[in-house]
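So you can see what is in the structure, the chains are spelled out below.
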Amino acid sequence: MSSLLYLRGLKKYYPILGGILKRTVADVRAVDGVTFNIEKNECFGLVGESGCGKTTLGKTIIRLLNPNGGSAYFKPPPEVIEEIEKIEKSDPRSRRLRHLREQYDLAVFHGARLRFLRRKMQIVYQDPTTSLDPRMLVKDIVAEPLVAQGLSRGSETKKKIVEILEKVGLSETHLYRYPHEFSGGQRQRIAVARALVTQPEFIVLDEPTSSVDVSVRAQLLNLFQDLQKEFNLTYMFVSHDLSVVECISHRVAVMYLGKIVELAPTEEIFRNPLHPYAKALFASIPIPDPTKRKEQPPLLGEVPSPVNPPPGCRFNPRCPLTMDVCRKVEPKLIDVGHSHFVACHAVKSL
Amino acid sequence: MTTVQEEALLRIEDLVLRFYTYEGIVEALDGVNLNVLENETLGLVGETGCGKSVTSLATMVVVVSPGKIEKGRILLKNRDKMTNLLKQDDAFLRIIRGSYLSMVFQEPRAYLNPVYTVRDQIAEVLVVHKRKELLQTVLESLRTGRKEEGLKGSSFEMKTYERMLEKPNSFVTKILCKVPRSQRRLNEEVRKEVIRILMEMEIPDPDRVAEMYPHELSGGMAQRVVIAMALVCNPTLLIADEPTTNLDVTIQAQILNLVKRLQERSKSSVLYVTHDLGVVAQICDRVAVMYAGSIVETANVFDLFKKPSHPYTKALLESIPRPGKEFKSIPGTVPGLIDPPKGCRFHDRCAYAMEICRKMKPPLTEIEKKHFVACHLYGGKK
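So the protein sequences, as listed, match chains R and U.
Under the working numbering, the first residue of the first sequence is numbered 108, with each subsequent residue one higher.
Under the working numbering, the first residue of the second sequence is numbered 75, with each subsequent residue one higher.
Chain U on its own, in the form it takes in the complex (with noise of 0.2 angstroms):
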């Protein structure tokens, strides 16, 4: 396991959100405590309808009506300073998304446009979030091939695409950024760090790949281009939701691979949003586990695996199906979020419900070093 360093990356406190439906008030998230450190993996786990993806939206700050955060803070690392998103402005927002967070959906079919190609896509990252650094090489290059021919001065090409940097937003440029070949050199800086990417996610012929449009990929093609476009920018921290869930498991284990080897060499953070736990055993430094819209248990996946505390938690792990046992299930349903449960949420369905169980909802305990429960079973101990 790589040194996981103590500093969040992300913390999110106290998140409560709601969504306001003709059937009623769904109280999706109830007040969901989290923390990505840097550089680690932190897998959230929780059947459907848990909250899980709702958390992940909630992070990216793109929840939209009818749901609504009630409370709550969600603060990112931003230039060793905490954040608080949610009280940002939309144009702040639009650079932290892409550049600072970005997410990887579960459909990457339904995620891509159908009507652009791979290249396109990626490029529109780039161009948004990027435009500066790139204009940037392209002049350095443009001069640099200047003083090998020997020449002084700039010419018309280096001064307009001096302008572009200077003055984005001038009356002029603008006009000039619709001269045809106008941005050549930009559109083809443009292109190598899209196939750059391409490379990178170990897709062969890159080249070709990048001129194709997405009904001509595969499933874990398409996957693999919706992980290039978040990781273009190099985030600091990558939300994947459920990527692999709609892929063969040969194809799992290849994405699953490339996604852990980019973040030890990129030194970012991955929220890994599944349902599968062994897929958590396989990549995770951390787990969290959710319950009907609040964490239920976080700990890290050794002490997770080994030692399990959370009823709901313990259950989960026995309902894995291994030869030679019975199933085991959890008796009833999860419960609807309209009405939920009084107290704690899982108390209907626990083996080991209590009275005070019905009436307050436990608060998250650390009950051995860095292993958290939220449950009155571990209320006596510290």
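So that you can see chain R by itself, here it is in the shape it has in the complex (with noise of 0.2 angstroms):
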């Protein structure tokens, strides 16, 4: 498997404006360095409180939203990689080392460019009656992406809009309507069915269920998967139902006030969780089980802001495990094998 993006200390801080000059005095620090990479195919889940910078990673990733720093290679062949990594701890300035951020880069396209990639990446929401336009009919809200890309034109639209909406289990029938004629489920189709029409190869699912009841969200996400598999999709599904992310997902990344805390294969990270947060996170699900019941929350206290995160690792105010180095030193994310990741002081010294 080659890797579909490849993040390198993605960065995306929100300035705060004050003074009468309404110059920048403090930063909303949303991602602050985030390195990992989404292989090919994979559903690659992200999970976190609200406010951790889920949403804003997502969409920085897919340049919605423009990066502070750091870069996002798409697609970038294994040498390459190889390639980076080495210059990158060699010689970090190096004229190499621009020129191929220049060919790989998603942080740095703009232009045509940027524009071409953009069929290639897609997003759908959380709530699809704010995502769709109630003044446009279901035909024009899905062409809308080909006619802004010039993909197609007259007739051939629309034999590609019906053809995708049957994709996604609607039908010819809806297609002059308007979004409130749906439901909600019917909604999120479409909003699906939008995105899929610039035929992408990397869909960012920001909490595509959280609006939906339950029975809807299981054919929500079975219609997901199918469709991963027929069009050989990438998924990053953002959420924080833990369950369904535990169902969908290859892998899960857990993010903490703007930085990833623990990455691993989903069945390592919900059976093993090593990251003090991580684990009092998916010990808070709510088990559908009346004879598991839990006696104590097993985390207290809430999200510090991310205007004035804690000093070294920022979980520190709440974690349980707090030792001096917490306090002081930001811990990396190291490997702890069975391509475990983990930022954590207490891990390493296990």
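Treat the hints with care, since some could be wrong.
Claimed, not checked - Chain U regions said to be covered by chain R (calculated; three or more residues, Cβ under 8 angstroms): (1) 133-144; (2) 424-431.
Unchecked claim - Computed Cβ-Cβ distance ranges for the label pairs, DEER-style: (3) U:P414 <-> R:T280: 18 to 26 angstroms; (4) R:E375 <-> U:R147: 20 to 28 angstroms; (5) R:E402 <-> U:K435: 54 to 62 angstroms; (6) R:P424 <-> U:K435: 51 to 59 angstroms; (7) U:P278 <-> R:V215: 40 to 48 angstroms; (8) U:M273 <-> R:N379: 32 to 40 angstroms; (9) U:A425 <-> R:P424: 35 to 43 angstroms; (10) U:T157 <-> R:N415: 52 to 60 angstroms; (11) U:S229 <-> R:N415: 24 to 32 angstroms.
Bear in mind the hints are in silico, worked out from the structure with no lab data behind them.
Glycine is no exception: its CB is placed at the ideal position from the N, C-alpha and C atoms.
If you follow the hints, you should be able to join the two separate chains into one complex; please do so.
If you want it as structure tokens, here you go:
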């Protein structure tokens, strides 16, 4: 398997403006140096509490937001990855690296090049009622990416739309309707159709099932899995619903205050979470089984503000295992075997 | 599990509620029968639009036009008597709401008034429902204070408070209340009470939080404040309408723990409305499953998860994602309630539908001890 996306220290800060001159007085560090790769044809799950930067990361990867630093290489050949790693260690300012970035790095693309890549990367938002224009017919909603990208014209467009609508479980009869005429599940299908119509390779699914009911959720998840097989798609599945992520993802990353704290294959991470935050997060899922009740909430307190994150490990004020080093040094993501990565001082010492 | 007494605190009998809209008559509740026993947590589960929230609103008797309660009774135990809430006047209901029945909503930010501080909003509940008790405490402390100083008789301040207690509606009292600082001690007492309830909600630094405005609170904190408002008068029944739906799992676990602990300590009952079966399994004693405006199954939480009987409950439990299994969904969608299916409302999605299901609505029947199901499949037994 080769990487579809290779992120190196990706950063996205939102400025806080203050004073009469509206200068930047501080930054909200929504995504603060994220490094991982997404393989082709995998479903990469991203979990975390609200406000930890999941959605910002998703949007930054597909360049709906411009990153403040770092790079996101799109489809780099394996030898290029090796070369990048080598150069970054020896000479991060070399011309060769700049050349490679211009060739592969989404973070520096602009103009026609970026426009072309937009069709390869799409996003499905959380709430279809707000992500679909209420004044547009379904046929126009789904056709919009085709028109914007100049991919088809006239009767050909309609043929393509009908084809894609049938793929997501709608039909030609739905073409001349407005979004409000559909149920929540169907609306989300329209949003999926719109994302698929340009034949993308990578789709960010930003909490696509959080606004629908349990029974509809299962239908949508099945649809996502079928589409992935059919179109060889790569997903990044952003969610706070851990049970869904457990079922659909191949690998899962846990995010906390703009940082990845743990990354591992799904089975491994759910069976054996190592980071104290991941442990608490997984233990907080209400299990649908009355015989397995929990007595104590696993985690106390709330997420601190990303404007002024705690020094050292960002989890240290809530962590049960805090040591002195945690308050000073920020832990790095290290490999603990079985392609399981953790950023925690306590785990390192084991 | 706590011992459940066999006495109903709230009994909803055959409640029919309709909304008269321009599109037609929405038959939102179609004969709901529900019992909330004393000292228990009852979970009310169902999909969106099945009537869960309407049931809880009807229980508070706050159904507004175009909604109308057509039929049925809502009986609440009040001083060992069952009172039909639908027959009472507004003055009585105003006393009941907040002190006997109170409600926590899904969206805490929408429920809190943005221009008042947390303290003011909790204090309002106290001043409305507990004014007498608070005045008495103030008087008590004044009396002991004077006794310690060795003074006899009563001061002007005491007389003012006595007057407030005895003749709250007289003209002179109203004038007295307008005098600045005349209610200083009462306000002080209220503030103490507010801080106490905030501390019970495990809010760190309650003195500071009490002076905050709702926009300064995080989601979890706002929900704690709303729960504090609901519980400040020790109601006998708390209706919680999806209180944790918009919260993160870690915060949800904290809130669930809080609700459960408070319920056990104050020996009150909770009607917990949710669509999350995981939450139900964690905190409820009994569960009622609702579908398209009626209760289809009621059982002990252990029985329901072990032996779901109604086809809808079975399907609902199967649609919980579990790793390694294919996602099962319920075919079709929730029917529109303007023109609901005849007979059993689940029949067109049901795998076991029979001829009779299309014609007759099944009644709730007891198939096992305290396990009620509304399905024709179980019509033969008992």
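To see whether the hints hold, each was checked on the structure:
no.: 1; hint: 133-144; result: violated (count 0)
no.: 2; hint: 424-431; result: violated (count 0)
no.: 3; hint: U:P414 <-> R:T280: 18 to 26 angstroms; result: holds (24 angstroms)
no.: 4; hint: R:E375 <-> U:R147: 20 to 28 angstroms; result: violated (56 angstroms)
no.: 5; hint: R:E402 <-> U:K435: 54 to 62 angstroms; result: violated (42 angstroms)
no.: 6; hint: R:P424 <-> U:K435: 51 to 59 angstroms; result: holds (56 angstroms)
no.: 7; hint: U:P278 <-> R:V215: 40 to 48 angstroms; result: holds (45 angstroms)
no.: 8; hint: U:M273 <-> R:N379: 32 to 40 angstroms; result: holds (38 angstroms)
no.: 9; hint: U:A425 <-> R:P424: 35 to 43 angstroms; result: violated (52 angstroms)
no.: 10; hint: U:T157 <-> R:N415: 52 to 60 angstroms; result: holds (54 angstroms)
no.: 11; hint: U:S229 <-> R:N415: 24 to 32 angstroms; result: violated (52 angstroms)
Hints 1, 2, 4, 5, 9 and 11 from the list above are not met by this structure, while the remaining hints are.
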